[in-house]
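Undergrad: The residues making up each chain are set out below.
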Amino acid sequence: MSRLDQLRNSLPPWWNRATAGVVIAFAIIFPLLFGQSSSFLDATTTALAYVVMALGLNIVVGFAGLLDLGYVAFFAFGAYTVGWFASSFYFKAHVHSFWLSAVAAHGPGIHLNFILLVIVAMVICAIAGVLIGLPTLRLRGDYIAIVTLGFGEIIRVFATNGDGIHIFGGTLTAGRQGIPVVDQPRPLPFIDSFNSLNLRPWYWTALVMVFIVLFCNVRLRDSRLGRAWIAIREDEVAAASMGVPLVRTKLLAYATGAAFGGMAGVFLGSYLTTVNSDQFQFGFSIFVLAMIILGGLGSIWGVVVGAMLLSYINKYFIPDVFDKVANSLHLGFQPSDLSFGIFGFLLVIIMLLRPEGLLPERRRQMELKEGVGADEALALEVSA
Amino acid sequence: MQVVRGFLSRYGLILALAALPIFYGVKDLTGKHPSLAPLANNLVSGISNGSIWAMIAVGYTLVYGIIELINFAHGDVFMIGSFTSQAFWSLIGVTLATSTFGVIGGLLVTLVVAMVCCGTLNVMIERVAYRPLRNAPKLAPLITAVGFSFILQNVGLLWLGGSQASVDNLIHQGSKVFSIGGVVIHREDVLAVGLTVPLVIALTLFINQSRLGKAMRATAQDPEAARLMGINVDTTISMTFLLGGMLAGAAGLIYALYQTQVWFFQGFRGGLFAFTAAVMGGIGNIRGAVLGGIIIGCIQQISDNRIGPQWTDAIIFGYLIMIMVFRPQGLIGEETREAG
Chain A
1 MSRLDQLRNS LPPWWNRATA GVVIAFAIIF PLLFGQSSSF LDATTTALAY VVMALGLNIV
61 VGFAGLLDLG YVAFFAFGAY TVGWFASSFY FKAHVHSFWL SAVAAHGPGI HLNFILLVIV
121 AMVICAIAGV LIGLPTLRLR GDYIAIVTLG FGEIIRVFAT NGDGIHIFGG TLTAGRQGIP
181 VVDQPRPLPF IDSFNSLNLR PWYWTALVMV FIVLFCNVRL RDSRLGRAWI AIREDEVAAA
241 SMGVPLVRTK LLAYATGAAF GGMAGVFLGS YLTTVNSDQF QFGFSIFVLA MIILGGLGSI
301 WGVVVGAMLL SYINKYFIPD VFDKVANSLH LGFQPSDLSF GIFGFLLVII MLLRPEGLLP
361 ERRRQMELKE GVGADEALAL EVSA
Chain B
1 MQVVRGFLSR YGLILALAAL PIFYGVKDLT GKHPSLAPLA NNLVSGISNG SIWAMIAVGY
61 TLVYGIIELI NFAHGDVFMI GSFTSQAFWS LIGVTLATST FGVIGGLLVT LVVAMVCCGT
121 LNVMIERVAY RPLRNAPKLA PLITAVGFSF ILQNVGLLWL GGSQASVDNL IHQGSKVFSI
181 GGVVIHREDV LAVGLTVPLV IALTLFINQS RLGKAMRATA QDPEAARLMG INVDTTISMT
241 FLLGGMLAGA AGLIYALYQT QVWFFQGFRG GLFAFTAAVM GGIGNIRGAV LGGIIIGCIQ
301 QISDNRIGPQ WTDAIIFGYL IMIMVFRPQG LIGEETREAG
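In order, the protein sequence lines correspond to chains A and B. Okay, so the first sequence: first residue is 1 according to this note's numbering, each after it adds one. Okay, so the second sequence: first residue is 1 according to this note's numbering, each after it adds one.
None of these hints come from the bench; they were simulated from the model. Be aware that one or more of the hints could be misleading.
Incomplete in silico selection of chain A near chain B, CB under 10 Å [unchecked claim]:
{"id": "1", "residue": "P201"}
{"id": "2", "residue": "W204"}
{"id": "3", "residue": "D278"}
{"id": "4", "residue": "I349"}
The following label-pair restraints were derived from C-beta to C-beta distances [as the list claims (entries may be wrong)]:
{"id": "5", "chain 1": "A", "residue 1": "V103", "chain 2": "B", "residue 2": "F23", "range": "27 to 37 Å"}
{"id": "6", "chain 1": "A", "residue 1": "Q281", "chain 2": "B", "residue 2": "G194", "range": "34 to 44 Å"}
{"id": "7", "chain 1": "B", "residue 1": "D222", "chain 2": "A", "residue 2": "P12", "range": "52 to 62 Å"}
{"id": "8", "chain 1": "A", "residue 1": "Q281", "chain 2": "B", "residue 2": "P132", "range": "21 to 31 Å"}
{"id": "9", "chain 1": "A", "residue 1": "E236", "chain 2": "B", "residue 2": "G12", "range": "22 to 32 Å"}
{"id": "10", "chain 1": "A", "residue 1": "P245", "chain 2": "B", "residue 2": "G12", "range": "25 to 35 Å"}
{"id": "11", "chain 1": "B", "residue 1": "G161", "chain 2": "A", "residue 2": "R363", "range": "43 to 53 Å"}
Ideal Cβ positions, reconstructed from N, Cα and C, are used throughout, including at glycine.
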């Protein structure tokens with residue numbers, strides 16, 4: 001590590017900005033290198049949406065140290081925002097916002113434009129995040145995990161059985177059938193229109209979201225609030241006695257993380273053009289959790305790398321490589337059925353061999369390597 | 001105001017738990033054919049079904065009591081118990097055609113095998129996934145536990161496929177043993193309660209009387225002091241996982257016979273139900289876990305039969321959240337360190 005630090009110090013001061021500029025420029029022209037509807041572009045677009053989601057969860061789990069096992073709930077809220085407010089699902093209503101695509105502007109139902117949807121979803125999710133956070137305030141660690149898991153499962157049950165709940169002249173959700181044909185965003189001038197044959201505008205939309213969330217993440221981490229989150233993660237009692245308001249800080253973590261989850265949910269809902277309850281399994285929460293643990297809890301760049309890697313692994317490596325190996329060995333099953341088992345295995349292996357993740361956050365690495373946290377834990381054990 | 005709050009915090013949870021049976025009891029009595037028999041039948045199957053959750057809950061409570069870890073994979077160990085049982089009794093040739101004595105003998109052997117398998121599996125999980133992380137931050141072993149839960153689920157998925165798999169109805173589940181005034185006791189009720197009670201009594205005796213049980217209680221109170229007193233803490237913890245796994249194995253066998261179908265997802269759901277039961281009874285408290293299991297079983301039956309099985313999960317998890325929020329120490333449990 002020290003050699004890497006030396007190398008880093010010997011670089012000229014403009015180096016960081018130059019790399020960032022190159023990476024951003026490459027990210028922007030990236031889709032032009034592939035066909036308009038190539039599957040790699042599709043995988044990358046989905047991966048970017050997962051990056052947004054993982055960065056949101058990273059605020060809750062990585063920064064504030066509150067293990068949230070029900071993060072899929074916010075994906076659900078975001079996706080249902082699209083289902084409710086940007087499709088002809090509630091066909092009896094006729095609500096149309098400005099700036100809609102031609103199809104959406106004339107159909108029945110509620111139609112809001114994409115930006116409004118994102119805002120609405122973020123507000124809904126932030127409120128839901130606070131509501132889920134409230135009961136866990138007095139609890140710690142593992143109990144929080146179970147309560148959030150319970151909430152996530154309750155949301156899934158409602159999503160699945162929502163087709164039996166009648167409200168506003170329609171049903172709450174469309175259950176397993178799914179709410180079909182959600183609106184496509186209206187194209188911007190000079191950019192191709194959004195549809196399933198041309199994925200480039202989708203990609204750029206996702207990229208803009210990633211940039212926004214990355215910016216928020218970096219600024220939040222270094223802000224007063226971010227430092228308060230990390231203080232709570234490190235030692236709740238000490239943070240409280242130093243004047244960190246626990247309730248407000250924790251609820252803000254839940255709300256911010258949830259809002260980003262909702263943002264990604266809106267995107268995925270529109271991109272997948274359907275919202276059905278099978279998308280909101282508990283396994284998805286673990287999928288996102290595996291991303292941030294693989295990348296390094298609390299490390300923003302680690303989380304980006306982890307999310308991209310796991311999405312590609314999920315999309316290509318497991319179906320292609322594993323299935324081929326399985327077929328050649330005549331194992332008689334498709335490992336792609338087992339993707340969640342593979343993520344489970346990954347979680348165990350990472351926690352055992354490299355708990356700080358691929359690109360660790362400095363502070364956490366210190367704890368894990370030099371045993372700062374462990375000593376404290378032991379001291380607490382003895383004193384308790 | 002103070003009185004109301006005190007009353008609610010002490011009895012609120014009990015009221016909330018009693019709400020469902022009381023509501024449907026009153027509804028039945030004020031209906032066209034006033035009778036409490038349907039509710040009583042629900043409660044009977046609730047008790048027998050709940051005794052399965054109780055056995056799993058004891059495993060959660062034992063492990064949490066000793067190392068303060070939610071053994072998330074425990075429910076899936078129970079699922080493996082079901083799978084092992086049905087595989088083993090097919091292997092030794094117990095089928096519907098076997099004579100009664102053959103079935104009883106075969107199932108007793110199966111019980112032992114399932115208990116040994118699940119106990120060993122649980123010990124191995126502890127050895128691989130939890131022991132290396134004993135001094136790591138507290139969330140680390142929880143994450144590996146979730147990971148192992150997924151691994152076991154996928155083992156189940158590979159084993160018997162993704163849908164419910166029927167198993168032979170060896171005990172002729174559903175046939176009546178006797179009935180008192182419209183309340184029917186079925187064979188599976190006798191089996192579930194008849195196996196759970198002796199096993200839990202044996203476990204309680206073991207923990208209260210034996211030398212190893214004493215070591216377990218000492219380790220639960222203070223691992224450091226126990227180590228200083230010459231107790232081998234690692235062995236004691238392994239022993240706890242062994243006992244918990246054995247009970248999960250037994251529960252797996254009963255579940256397979258009781259439901260006559262098994263599937264890979266039963267462990268996740270059953271595990272959460274049992275965890276709810278363990279928290280309800282006060283985590284770390286064996287009698288509480290049994291009581292919690294039975295209450296959860298009753299709520300589940302009432303919800304399945306009266307409200308609709310698709311809502312049961314949401315109702316149980318709703319109770320879980322309520323307990324966590326309003327009474328994290330459980331119905332009868334002492335204050336845990338976590339709750340304080």
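Undergrad: 34 to 44 Å was suggested as the range; check whether the CB atoms of A:Q281 and B:G194 agree with it.
TA: holds (37 Å)
Undergrad: Between A:P245 and B:G12, is the Cβ distance one that fits in 25 to 35 Å?
TA: holds (28 Å)
Undergrad: Close enough to count: is the Cβ of A:I349 nearer than 10 Å to one in chain B?
TA: holds (8 Å)
Undergrad: Does the Cβ-Cβ separation between B:G161 and A:R363 fall within 43 to 53 Å?
TA: holds (46 Å)
Undergrad: When the nearest CB of chain B is found for A:W204, is that gap smaller than 10 Å?
TA: violated (34 Å)
Undergrad: Confirm or reject the claim that A:E236 and B:G12 have a C-beta distance inside 22 to 32 Å.
TA: holds (27 Å)
Undergrad: Quick check on the hint: A:P201 CB to chain B CB, less than 10 Å?
TA: Violated, because the Cβ-Cβ distance from A:P201 to chain B comes to roughly 36 Å (cut-off 10 Å).
Undergrad: How about A:D278: closest beta carbon in chain B under 10 Å, or not?
TA: violated (13 Å)
Undergrad: Could you tell me whether the CB distance from B:D222 to A:P12 stays inside 52 to 62 Å?
TA: Holds, since B:D222 and A:P12 (Cβ atoms, about 57 Å apart) stay within the stated range.
Undergrad: Given a hinted range of 27 to 37 Å, is it respected by the beta-carbon distance of A:V103 and B:F23?
TA: About 48 Å separates the Cβ atoms of A:V103 and B:F23, which means 27 to 37 Å is violated.
Undergrad: Please test the hint of 21 to 31 Å on the beta carbon pair from A:Q281 and B:P132.
TA: At roughly 29 Å between Cβ atoms, B:P132 and A:Q281 fall inside 21 to 31 Å, so the hint holds.
Violated hints, in rising order: 1, 2, 3, 5; the structure is consistent with all others.
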